[in-house]
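Asks: Here are the chains, one letter per residue:
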Amino acid sequence: MQEELFAPGHRGCAGCGAAIAARLILKGSGKDVIIVSPTGCLEVVSSPYPESAWKVPWIHSLFENAAAVASGVEVALKSLGRKDEAKVIAIGGDGATIDIGIGALSGMLERGHDVTYICYDNEAYMNTGIQRSSSTPYGASTTTSPAGKVSFGENRPKKNLPAIAAAHGIPYVATASIAYPKDVIKKVKKAISIEGPKYLQIHAPCCTGWGFDGSKTIEIGRLAVETGLFPIYESTEGKVTSVKKVKRKPVEEYLKAQRRFKHLFESEGGEGELKKIQDIADANAKQFGLDL
Amino acid sequence: MEIMEGSLAVAEAVKACRPNVIAAYPITPQTHIVEEIARMVADGELASEYVRVESEHSAMSVCIGASATGARTYTATTSQGMALMHEVLFNAAGLRLPIVMTAANRSLSAPINIWNDQQDAVSERDSGWIQLYAEDTQEASDMTIQAYKIAEDRDILLPVMVGMDGFILTHVHEPVELCPQEKVDDFLPSYDPDHYLTPKNPLSFGTIVYPSTYTEFRYMIHEAMKRAERKIIDVASDFRDKFGRHYGGLIDTYEAEDAEVLIMAMGSVIGTAKDAIDELRADGKGEKVGLVKVRCYRPFPAEAIAEAVKSAKAIAVLDKNISLGYEGALHTDVKSALYKENGPLALGFILGLGGRDITKNTIKNIAEKAQKAIKSGRVEKDSEFVDLGAL
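Chains as they are written, first to last, in the working numbering: chain Z, 9 to 300; chain H, 598 to 988.
Heads up, some of the hints might be wrong.
Unchecked claim - Residues from chain Z that face chain H, not an exhaustive set, calculated with beta carbons under 10 Å: (1) 39; (2) 69; (3) 78; (4) 83; (5) 87; (6) 90; (7) 114; (8) 118; (9) 122; (10) 137; (11) 223; (12) 226; (13) 248; (14) 249; (15) 250; (16) 254.
Stated by the list, open to error - Pair ranges (Cβ atoms, derived): (17) 172/Z to 980/H: 37 to 43 Å; (18) 280/Z to 819/H: 55 to 61 Å; (19) 708/H to 297/Z: 54 to 60 Å; (20) 202/Z to 837/H: 50 to 56 Å; (21) 723/H to 172/Z: 47 to 53 Å; (22) 246/Z to 640/H: 33 to 39 Å; (23) 245/Z to 924/H: 57 to 63 Å; (24) 202/Z to 787/H: 49 to 55 Å.
Claimed, not checked - In silico DSS-like pairs for lysine-lysine, Cα to Cα no more than 27 Å straight-line: (25) 797/H to 91/Z; (26) 932/H to 957/H; (27) 247/Z to 294/Z; (28) 957/H to 63/Z; (29) 797/H to 194/Z; (30) 957/H to 969/H; (31) 194/Z to 86/Z; (32) 957/H to 35/Z; (33) 86/Z to 797/H.
In case anyone wonders, no lab produced these hints; they're calculated from the structure. Just so we're clear, the structure is a prediction, and the values are computed from it rather than from any experiment. Beta carbons: idealized from backbone N, C-alpha and C, even for Gly.
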């Protein structure tokens, strides 16, 4: 637990949520692990040849194939009689996981590979310059869903990948946030202890893309949970088994702290949009019983 | 010797190579190969992990993960499936993973068409995969075993694609002699890589490389490709010593010694061409027609081809592909191999890879090299990497 397997000196921004996620994941997994990373911010900042931040075996292949590469690693270990040597974990961003890699991920989950797939969810394509992904939340301004004279930014809610993963009937699905480090570590430990496919989605605020100071990453992450916009829960074989209850705060507290939602507080009609976002949080609270 | 379908003969060869991991997605006309291998696994004849993936993209990706973990891997595809694999093929070669794949060669859409040509594999010629083309089912089967031997050699470490014409070879029954398991085990020891994914020696694979070093990595792949020429010839000889069959190394010739006309081709049409040549030579008119079989398309055996055709008056190149807007790919490559014999001096330079700058000085140095070539009347290097750094 004390050992740092994700080395300092990587090229992540100060306050990078994805780097915090990687560090916590490896604290949970320990060193007997093989990590598969798709293309993305984490891959780029952690592996500038000839350096690498990974003190564990690590492979990057392409953008949409991490789940398939991880499947290959897992079956190879099995075939070579080395199954006890390492747990297999894939760590991908929301673009790689929820958009372009969803086919490969669904295949991996459906085939029952003993792999833990972890999505660090920073809610847009950050590596390429903050473009909208299907995990971008309603109302967020990105470089491809910019707020403008006739637009309030992203006009669709986040795709619910934990629910899609759970629909595969896999033994463990969980959400977590880097704002709660012990919870992340605990869930990674739990996930890798279970045989079969597991899916974790870790909310990982991006100071550069969301527009907040790098010293506030944990605070912003906590507000996402406390407002009910990122519910934290576990599910087994499609049934929710635990929920992190919160004393809910209004969504404005979370939104106003970020540049990507600034327009909602400045544009005419923004109030109506804020109301819609509050409705999303209320619906989450109702679905998961978030309120203390 | 037994009569068997080409796909089954290849499946038997795959079995004899004992791959640890097989990943496959069905596509006509590759299906009989992967169905037969699935049967072998289901009947306990083959102890491989068989991953029934959701796409060809994932088939090759599973092979990448497994190969990087130290497993011997196999897949087969064709046509649209190979096109879907496109970026993964480049990635497998760049990661230097000795994956073997059967290409049941087929046309590309549109219009959709499931029958044979070689557009699929020819379109992947720049991917860094060694490409071999089989003349008949026996060769397709034997070539599969040779492919692992070539791919896994420490001096090579590149993936190999074995081309067999869709339907014409995959679905036709021919007499085939299968290689006995114990002899294959002796010819092809189990895969034992120096570098693989393991916590015992944590390495990073597939890191991001900047303009300062990208060219050197591409150069090293290219050099391995060139070393593969010798290796392919050697493995073909070793195979003959062990199993008594030989199909040529990089190329093979037929009735070529006195030929005025040399037909050149790849794949199953070689057999048809040989029969046609026999008839032309037998009809008493004394037509001196011969054949050059191109067994290896990448690396391209330019020197061997130039040597083989030097006495011919005409070559006739058969292409089951077209670079739309130009001509058949083999035709282009063959002409390029012969160019130095009969045209103005031509020098080729590889540069500007992965974002590396091309400066005015670079252009001036190149112009100077061309001037030198004019003075000496000869080209020292047909093709060279420019401004290569330390390796």
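Asks: Decide, hint by hint, whether the structure agrees.
Replies: Hints, verified against the model:
Residue-level restraint check for residue 39/Z holds (minimum Cβ-Cβ distance to chain H is 6 Å; threshold 10 Å). Restraint check, residue 69/Z versus chain H: the minimum CB separation of about 5 Å is within 10 Å; hint holds. A hinted interface residue such as residue 78/Z counts as satisfied when its beta carbon comes closer than 10 Å to some beta carbon of chain H; here the least separation is about 6 Å, so the hint holds. Taken as an interface hint, residue 83/Z checks out: its beta carbon lies about 4 Å from the nearest beta carbon of chain H, inside 10 Å.
Interface restraint check for residue 87/Z: the shortest CB-CB distance to chain H comes to about 4 Å, inside 10 Å, so the restraint holds. At a threshold of 10 Å, the smallest CB-CB gap from residue 90/Z to chain H is about 7 Å, leaving the interface hint in force. At its closest, the beta carbon of residue 114/Z sits 7 Å from a beta carbon of chain H; the interface hint therefore holds under the 10 Å criterion. The interface hint given for residue 118/Z holds, since its Cβ lies 8 Å from the closest Cβ of chain H, which is under the 10 Å cut-off.
Taking 10 Å as the C-beta cut-off, the interface hint given for residue 122/Z is violated, the closest approach to chain H being about 12 Å. With its C-beta approaching chain H no nearer than about 17 Å, residue 137/Z sits outside the 10 Å limit, and its interface hint is violated. Here the hint on residue 223/Z is broken, as its CB sits about 28 Å from the closest CB of chain H, past 10 Å. A cut of 10 Å between beta carbons decides the hint on residue 226/Z: the least distance to chain H is about 28 Å, and the hint is violated.
Restraint check, residue 248/Z versus chain H: the minimum CB separation of about 27 Å is more than 10 Å; hint violated. The beta carbon of residue 249/Z comes no nearer than 28 Å to any beta carbon in chain H, farther than 10 Å, and the hint placing it at the interface is violated. The restraint placing residue 250/Z at the interface with chain H is violated, with a minimum CB-CB distance near 31 Å, outside the 10 Å limit. Among the interface hints, the one on residue 254/Z is violated; its C-beta lies about 38 Å from the nearest C-beta in chain H, farther than the 10 Å criterion.
Range check, residue 172/Z to residue 980/H: about 50 Å between beta-carbon atoms, so the 37 to 43 Å window is missed. At roughly 60 Å, the beta-carbon separation of residue 280/Z and residue 819/H lies within the given 55 to 61 Å, and the hint holds. At about 56 Å, the CB distance of residue 708/H to residue 297/Z agrees with the hint of 54 to 60 Å. Against the hinted window of 50 to 56 Å, the Cβ-Cβ separation of residue 202/Z and residue 837/H comes to about 53 Å, which satisfies the hint.
In this structure, residue 723/H and residue 172/Z break the distance hint of 47 to 53 Å, their C-beta atoms being roughly 37 Å apart. Between residue 246/Z and residue 640/H the C-beta distance comes to about 35 Å, which sits within the given range of 33 to 39 Å. A C-beta distance of roughly 59 Å is found between residue 245/Z and residue 924/H, which places it inside the suggested range of 57 to 63 Å. Checked against the hint of 49 to 55 Å, the C-beta distance between residue 202/Z and residue 787/H comes to roughly 32 Å, which is inconsistent with it.
A C-alpha spacing of about 13 Å is found between residue 797/H and residue 91/Z, which places the hinted pair at or below 27 Å, so the restraint holds. Note on residue 932/H and residue 957/H: the hinted pairing is violated, with a Cα-Cα distance of about 31 Å set against a maximum of 27 Å. Restraint check for residue 247/Z and residue 294/Z: the C-alpha separation of about 16 Å stays at or below 27 Å, so the hint holds. The suggested pairing of residue 957/H with residue 63/Z is violated, with an alpha-carbon distance near 42 Å, which exceeds 27 Å.
Taken as a hint, the residue 797/H and residue 194/Z pair is honoured in the structure, with Cα atoms around 25 Å apart against an allowance of 27 Å. A threshold of 27 Å between alpha carbons decides the hint, and for residue 957/H with residue 969/H the separation of about 18 Å falls inside it, so the pair holds. Note on residue 194/Z and residue 86/Z: the hinted pairing holds, with a Cα-Cα distance of about 26 Å set against a maximum of 27 Å. Distance check on the hinted pair: residue 957/H and residue 35/Z sit about 51 Å apart at the alpha-carbon level, beyond 27 Å; violated.
For the given pair, residue 86/Z sits about 17 Å from residue 797/H by alpha-carbon distance, which is consistent with the 27 Å threshold.
Against the hints set out earlier in the document, violations occur for numbers 9, 10, 11, 12, 13, 14, 15, 16, 17, 21, 24, 26, 28 and 32.
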